[in-house]
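For the sequence shown, position 142 (counting from the first letter as 1) is numbered 142 according to the working numbering, and the numbering increases by one without interruption.
Hints listed in this document are in silico derivations from the structure and should not be mistaken for laboratory results.
Built from N, CA and C at the ideal position, the CB exists for glycine as well.
Worth double-checking, as some hints may not be accurate.
In silico BS3-like cross-links for lysine-lysine, where the CA-CA straight-line distance does not exceed 25 Å [unchecked claim]:
1) K229 x K274
2) K301 x K274
3) K61 x K51
Derived DEER-like restraints, expressed as beta-carbon distance ranges [claimed, not checked]:
4) E272 x D16: 36 to 42 Å
5) Q38 x R120: 50 to 56 Å
6) P310 x G152: 17 to 23 Å
7) T208 x R120: 44 to 50 Å
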Amino acid sequence: MLNLDPRYYIDPAVYDRERNQLFARTWQLLGPVSQVAQRGEYCAVEIAGHKVFAIRGRDGKLRGFRNLCRHRGARLLEEGNGRCPTIRCPYHQWVWADDGRLMNVPWFGEDPDFKLEDWRLAEIPVAEWRGLLFIAIDPSMTLDQQLGDLVGEIADEPIEGYTPMRTERMVFDANWKIYTDNFVEGYHIPGIHPQFFAAIDFEQFKTTAHDGLIRMTAPPRDGLFYRGKWLWMWPNWTLSLFDGGMNTSRINPLGPDRTELIYNFYFADTSEDKAQERDDLVARNLAIVREDFEICLETHKNYASGAYTPGPLSPRHEAGVAYFQDRIRNSLGPMTP
């Protein structure tokens with residue numbers, strides 16, 4: 001099997017298709033559900049340019065909305081986390097309840113055809129799964145269907161017992177699929193991650209593709225904080241296990257040539273005595289992640305140069321790449337000549 005046509009990575013028209021045919025049609029991880037545990041708490045994010053938020057209503061119900069004003073399209077809530085009794089547009093001060101009802105339009109004037117009930121916020125699906133929060137704009141399947149084999153893969157892992165302790169955001173200048181291609185294979189480990197390579201039995205590194213899931217495993221040696229299992233889930237999130245916790249990440253495109261990673265770290269032991277150990281683990285984890293940025297950036301440049309033609313994928317190490325790229329082709333369709 002050959003690598004994807006480089007136009008999938010660099011063409012702005014492909015990015016526009018991804019925004020509407022992929023990211024708007026899939027469930028997206030927002031991190032721990034605990035960030036919206038209390039009434040009035042919200043989480044606002046961008047998903048490939050789509051602004052959305054989840055909020056816990058006064059009635060205790062979790063809801064999702066487009067993060068845009070029905071009046072003139074302004075952003076309602078700044079990206080991040082917060083708490084608000086009502087949702088007030090900063091532009092013209094229109095006010096919505098946390099269930100999406102328009103409550104007040106100050107200084108609007110008299111219009112006999114205008115009715116508050118006609119201008120609810122645009123509600124979108126939101127869901128909780130095992131302590132994680134997901135949102136979707138117009139999903140093509142249920143969350144359980146999208147999770148696929150992940151449900152059974154980590155059925156015995158106590159992930160909802162871990163407490164979210166850290167969130168980190170990193171940005172780099174390469175297409176999100178180049179980074180994903182890199183994440184779902186261990187073939188690059190000897191060349192890009194020498195310390196990581198020394199801490200695993202690379203000869204036994206295995207990558208297998210399943211329904212909605214790519215699993216990578218390798219027996220750890222002394223000094224490796226990971227437990228030897230790394231998971232990637234369709235279309236753009238990851239989960240990695242370590243002793244006493246895990247991390248998740250969302251791979252979010254900021255454009256055809258720019259990507260952000262949002263990492264959340266979860267721990268079983270939240271005591272102050274273990275604070276330094278937690279900080280060290282996060283730092284070591286992020287150091288490995290950052291080692292991938294330069295190779296992704298330079299690969300993107302070569303794709304954009306027009307000099308690259310697709311090469312072959314390794315049957316031993318790149319089954320995950322083949323699976324991911326096949327789903328991209330199926331989601332976006334073939335490239336036109």
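| field | Hint consistency between K61 and K51 [alpha-carbon to alpha-carbon, up to 25 Å] | value | holds (21 Å)
| If you check the beta carbons of E272 and D16, does the distance land in 36 to 42 Å? | With Cβ atoms ~48 Å apart, the hint is violated.
| said: For the hint 17 to 23 Å, verify it against the beta carbon of P310 and that of G152. | reply: Violated, at about 34 Å.
| Holds or violated: K301 to K274, with C-alpha atoms at most 25 Å apart | Violated, at about 42 Å.
| query | Falls inside 50 to 56 Å, the C-beta gap from Q38 to R120? | reply | Given a distance of about 23 Å, which is not inside 50 to 56 Å, the answer is violated.
| said: For the hint 44 to 50 Å, verify it against the beta carbon of T208 and that of R120. | reply: Taking Cβ atoms as reference, T208 and R120 lie about 45 Å apart, which means the hint holds.
| field | Hinted pair K229 and K274, Cα distance within 25 Å | value | holds (23 Å)
The structure does not agree with the numbered hints 2, 4, 5, 6 stated previously, though it agrees with the rest.
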